[in-house]
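Visitor: I would like the entire structure built from these sequences, with the hints used as guidance.
In order, the protein sequence lines correspond to chains A and B.
Each residue of the first sequence is one higher than the one before, starting from 1 at the first, in UniProt numbering.
Each residue of the second sequence is one higher than the one before, starting from 1 at the first, in UniProt numbering.
Simulated from the structure, these hints should not be mistaken for laboratory data.
Each hint should be verified, as a subset may be incorrect.
[What the hints assert, rightly or not] Computed spacing ranges between beta-carbons, pair by pair:
{"#": "1", "chain 1": "A", "residue 1": "156", "chain 2": "B", "residue 2": "429", "range": "44 to 52 angstroms"}
{"#": "2", "chain 1": "A", "residue 1": "50", "chain 2": "B", "residue 2": "406", "range": "54 to 62 angstroms"}
{"#": "3", "chain 1": "B", "residue 1": "88", "chain 2": "A", "residue 2": "24", "range": "46 to 54 angstroms"}
{"#": "4", "chain 1": "B", "residue 1": "94", "chain 2": "A", "residue 2": "12", "range": "42 to 50 angstroms"}
{"#": "5", "chain 1": "A", "residue 1": "12", "chain 2": "B", "residue 2": "373", "range": "24 to 32 angstroms"}
{"#": "6", "chain 1": "B", "residue 1": "59", "chain 2": "A", "residue 2": "164", "range": "38 to 46 angstroms"}
{"#": "7", "chain 1": "B", "residue 1": "11", "chain 2": "A", "residue 2": "463", "range": "42 to 50 angstroms"}
{"#": "8", "chain 1": "B", "residue 1": "443", "chain 2": "A", "residue 2": "354", "range": "34 to 42 angstroms"}
{"#": "9", "chain 1": "A", "residue 1": "65", "chain 2": "B", "residue 2": "187", "range": "22 to 30 angstroms"}
{"#": "10", "chain 1": "B", "residue 1": "129", "chain 2": "A", "residue 2": "156", "range": "36 to 44 angstroms"}
{"#": "11", "chain 1": "B", "residue 1": "187", "chain 2": "A", "residue 2": "255", "range": "53 to 61 angstroms"}
[Said to hold, decoys possible] In silico DSS-like pairs for lysine-lysine, Cα to Cα no more than 25 angstroms straight-line:
{"#": "12", "chain 1": "B", "residue 1": "267", "chain 2": "A", "residue 2": "53"}
{"#": "13", "chain 1": "A", "residue 1": "23", "chain 2": "B", "residue 2": "232"}
{"#": "14", "chain 1": "A", "residue 1": "132", "chain 2": "B", "residue 2": "363"}
{"#": "15", "chain 1": "B", "residue 1": "229", "chain 2": "A", "residue 2": "23"}
[Said to hold, decoys possible] Listed next, the stretches of chain B that the computed footprint assigns to chain A, with coverage defined by at least 3 CB atoms under 8 angstroms from CB atoms of chain A:
{"#": "16", "stretch": "123-132"}
{"#": "17", "stretch": "136-142"}
{"#": "18", "stretch": "196-206"}
{"#": "19", "stretch": "217-231"}
Please read all numbers here as calculations on a predicted model, not as lab measurements.
By construction, the Cβ of each residue, glycine as well, lies at the ideal position given by its N, Cα and C atoms.
There are 2 protein chains.
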Amino acid sequence: MKDHLFRQIGQTITNRIERGELKPGDKLPSVRSLALELGVHRLTVFKAYQQLKHRGSVTVVDKSGYYVKEDASPLVGLDYPVVSSYVHKSHLSEIHRIHADYQFSQAVIDPDLLPNQYTSSSAKHVLDLYPKVFSTYAAVQGDSELRDYLSHYFYQNQKQLASPEEILIASGSQQAIDLIARVLVRRGDTVLIERPTYSAAIDVFHNIGARLLTADLTAEGYNLVQIEKLMKEYRPRLFYSNPTFQNPTGYTVPLEQRKQLVDLAEKYQVFLLEDDAFRDIYFADKPPLPLSSYDVHGHCIYVRSFSKYIAPGLRIAAVVCREPLMQQLLAAKSLMDNGTPLLNQKLFLHYFRSDRLQQHIEKLRTALEIRKEVMETSLADQQLTWESPSGGLNLWVRVPDAINMDRLLAECLTHSLSFVPGTICDPLKKQEHWVRLSYSFMNEQKIKEGITRFKDILKKLNKEII
Amino acid sequence: MKDHLFRQIGQTITNRIERGELKPGDKLPSVRSLALELGVHRLTVFKAYQQLKHRGSVTVVDKSGYYVKEDASPLVGLDYPVVSSYVHKSHLSEIHRIHADYQFSQAVIDPDLLPNQYTSSSAKHVLDLYPKVFSTYAAVQGDSELRDYLSHYFYQNQKQLASPEEILIASGSQQAIDLIARVLVRRGDTVLIERPTYSAAIDVFHNIGARLLTADLTAEGYNLVQIEKLMKEYRPRLFYSNPTFQNPTGYTVPLEQRKQLVDLAEKYQVFLLEDDAFRDIYFADKPPLPLSSYDVHGHCIYVRSFSKYIAPGLRIAAVVCREPLMQQLLAAKSLMDNGTPLLNQKLFLHYFRSDRLQQHIEKLRTALEIRKEVMETSLADQQLTWESPSGGLNLWVRVPDAINMDRLLAECLTHSLSFVPGTICDPLKKQEHWVRLSYSFMNEQKIKEGITRFKDILKKLNKEII
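Guide: Have a look at this one:
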């Protein structure tokens with residue numbers, strides 16, 4: 001967070017220079033006064049000023065202070081325009097961009113486990129059914145046939161009441177989270193988020209400039225006393241929650257906590273943003289009903305990703321919420337992309353309501369459970385601990401304290417093996433002894449080989465330490 | 001803008017109440033002190049406070065000031081949570097949601113003019129070519145085969161140099177504009193924008209909280225003296241420009257101004273965001289080269305919407321820019337939706353590079369030109385004036401000064417006829433005597449009937465005035 005802060009401050013000064021509010025030769029505010037103004041530590045401002053000095057935008061006059069450079073204002077003399085961006089990097093997508101033979105970083109389903117042939121022939125049928133699907137814009141809220149079907153589906157499958165008017169179709173759950181964040185959260189607002197959590201959600205709220213508060217998630221679920229305390233004291237705008245086969249941990253918040261959490265959200269008027277991406281990937285019993293099925297007063301916003309384990313290339317997710325929030329989401333969605341493509345919605349709908357779907361999902365569950373078991377068997381080692389998940393795509397594994405995570409990741413990448421380090425799943429960036437290993441993308445053989453390699457690397461690093 | 005401002009202030013106070021920073025019984029800052037703090041007129045703060053009073057969140061104690069209500073804090077006693085959204089409505093999408101028999105508000109191509117059958121059979125072919133297209137996530141930047149092809153296309157067709165690495169695929173140009181705005185613009189930054197312009201672009205910048213400066217656009221193009229003055233004085237972050245068959249006017253910025261504008265952008269380090277959505281819809285000569293083809297130092301960001309007149313249901317646009325901006329756009333795109341669906345990109349690519357494409361576009365140009373001429377013939381009236389456009393989808397028509405625009409729109413909607421009022425295309429909301437009539441969505445017969453109806457309504461309103 002501190003690192004983030006000093007870059008922000010540097011950015012603010014750069015903006016002022018670029019806007020001409022600070023001109024060449026002007027004195028910058030003193031470190032002490034700017035620290036006071038922004039409510040940050042003086043060292044943070046100092047670091048920001050040093051960075052600006054390093055970049056050549058400001059100069060230091062001994063005992064007098066920092067001045068905007070006469071000759072090297074960022075507006076002049078550069079080959080490219082200065083890009084002072086308001087968006088910081090996406091940590092997860094950076095890891096994904098690195099190629100590896102053993103990709104345990106991808107919580108994505110192996111295309112070989114998906115019914116490609118069937119999807120393709122179903123798609124051809126859909127093209128015949130809707131001859132103008134290519135030339136028609138979808139409604140901003142989404143195709144009404146699909147929303148009707150989902151309304152029915154949610155009631156039948158998870159006792160969740162949602163009229164078609166309370167459903168919006170988004171291009172995947174990442175867009176849904178971003179959409180909701182944009183409507184409800186602004187710089188300086190407080191957001192409550194699980195720890196650990198889905199790192200791209202951290203990035204979304206972080207980029208907006210939200211203040212993040214963390215709610216611990218363990219194999220037993222939440223600490224509701226902690227959550228109530230935080231809600232009472234900070235009145236966060238929303239709580240980003242992924243209560244079912246959570247990413248990255250695989251943990252599931254127990255039934256008895258769900259109703260209580262919704263009550264807390266009502267009591268403190270906090271929106272619960274429930275990300276439900278893995279509900280159908282269970283290995284034993286069906287998971288508890290979503291938080292949102294207990295919602296009475298409209299405090300829940302439900303995000304359900306469907307395409308992930310059917311046809312991830314389609315990018316389809318549903319958002320369920322009540323008025324008046326839905327009107328706000330529609331306004332934002334129309335500015336963001338004017339609506340998810342109709343073609344993708346129709347293709348998804350026809351596959352989703354086919355008899356073939358249940359058959360596929362059952363097979364998929366079995367295949368993933370086998371892969372999970374292969375990974376767990378290969379991983380078995382007294383130095384490594386994890387809670388065996390009853391669903392989802394990932395193992396959340398604790399490695400020995402002595403292991404340096406940066407070193408481990410670098411070594412693994414060198415050996416063409418990728419995983420997600422726990423630190424990027426932690427809003428506080430401190431969970432240094434955890435890794436997320438996904439068993440969904442590699443086949444059993446690859447999992448065996450890769451995990452053996454992973455353990456060899458761990459052993460090597462362990463020896464170095466001793 | 002003032003209207004926007006007072007709502008903002010109300011919002012800020014509401015946020016503070018919701019966050020518990022202002023508690024029931026607390027006194028609000030005085031009108032005078034808050035006006036001073038925010039640098040706005042006292043009347044604006046007064047209006048905001050009155051609105052809060054009206055909503056029941058604050059109460060007035062005579063000669064003492066405004067207080068947060070004891071019993072009616074927005075956090076308590078409501079059926080639904082208070083949705084203090086950070087997104088305001090999208091004006092255009094609101095008009096589009098109203099059904100009308102004569103839709104002159106839709107700058108969208110009539111599905112009957114699109115090659116639906118061919119697109120559909122081409123799509124089936126693509127499904128056979130890429131059997132795993134449904135199960136594969138696209139790269140965040142877009143499909144490399146498509147980017148390679150576009151790189152070639154831009155060079156061949158418009159002398160524009162763009163390597164595949166300098167091209168990003170977005171889900172339509174609305175998303176592209178939103179993406180760029182998010183990376184480059186933040187609350188309080190200055191944005192230069194044409195007047196009139198595409199209303200959804202106004203909404204995007206407006207929602208971010210940018211300060212909008214306007215550059216007049218007439219049939220002769222820009223006033224470059226005005227633009228230089230604005231760039232010099234305000235150093236805007238970017239200039240949103242739609243120089244070719246502009247929406248809503250149909251005007252085209254002449255060749256000789258294009259190079260000069262790029263020079264100005266370089267001189268003052270302003271990004272030129274060039275929205276090029278109608279380039280292929282010309283009725284006589286091909287339009288001048290894009291601004292971006294004159295770009296040397298990376299000040300241009302080019303947004304090209306393609307799917308609009310081929311397969312709008314696919315939602316495909318290209319963004320062209322140089323490093324380091326591209327890295328920033330990639331980070332933002334990965335947070336926004338993790339990449340445009342691969343299926344849509346492959347379908348688009350195969351259609352776009354087929355021989356059939358040129359044939360289709362030529363037919364489309366002819367069909368649209370005929371519709372334009374039918375609209376112009378039907379519209380002919382000495383009270384109505386417009387500049388006949390040489391491309392694009394719209395007429396920008398001046399109606400008599402005496403006509404009240406709200407009345408005209410209401411009357412037309414009552415008679416099942418829609419158009420876009422000039423005011424929503426004007427960042428200053430003042431162009432009250434203009435309407436945008438699109439000739440792309442209705443066939444000739446409908447255009448004749450609808451325009452006759454439109455003129456009858458105008459006559460009726462004119463008589464009322466006399």
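Visitor: Look at each hint and say if it fits the structure.
Guide: Going down the list of hints, with the structure as the test:
no.: 1; hint: A:156 - B:429: 44 to 52 angstroms; verdict: 48 angstroms, holds
no.: 2; hint: A:50 - B:406: 54 to 62 angstroms; verdict: 57 angstroms, holds
no.: 3; hint: B:88 - A:24: 46 to 54 angstroms; verdict: 38 angstroms, violated
no.: 4; hint: B:94 - A:12: 42 to 50 angstroms; verdict: 36 angstroms, violated
no.: 5; hint: A:12 - B:373: 24 to 32 angstroms; verdict: 54 angstroms, violated
no.: 6; hint: B:59 - A:164: 38 to 46 angstroms; verdict: 40 angstroms, holds
no.: 7; hint: B:11 - A:463: 42 to 50 angstroms; verdict: 59 angstroms, violated
no.: 8; hint: B:443 - A:354: 34 to 42 angstroms; verdict: 37 angstroms, holds
no.: 9; hint: A:65 - B:187: 22 to 30 angstroms; verdict: 28 angstroms, holds
no.: 10; hint: B:129 - A:156: 36 to 44 angstroms; verdict: 37 angstroms, holds
no.: 11; hint: B:187 - A:255: 53 to 61 angstroms; verdict: 43 angstroms, violated
no.: 12; hint: B:267 - A:53; verdict: 24 angstroms, holds
no.: 13; hint: A:23 - B:232; verdict: 13 angstroms, holds
no.: 14; hint: A:132 - B:363; verdict: 18 angstroms, holds
no.: 15; hint: B:229 - A:23; verdict: 18 angstroms, holds
no.: 16; hint: 123-132; verdict: holds (count 6)
no.: 17; hint: 136-142; verdict: holds (count 4)
no.: 18; hint: 196-206; verdict: holds (count 3)
no.: 19; hint: 217-231; verdict: violated (count 0)
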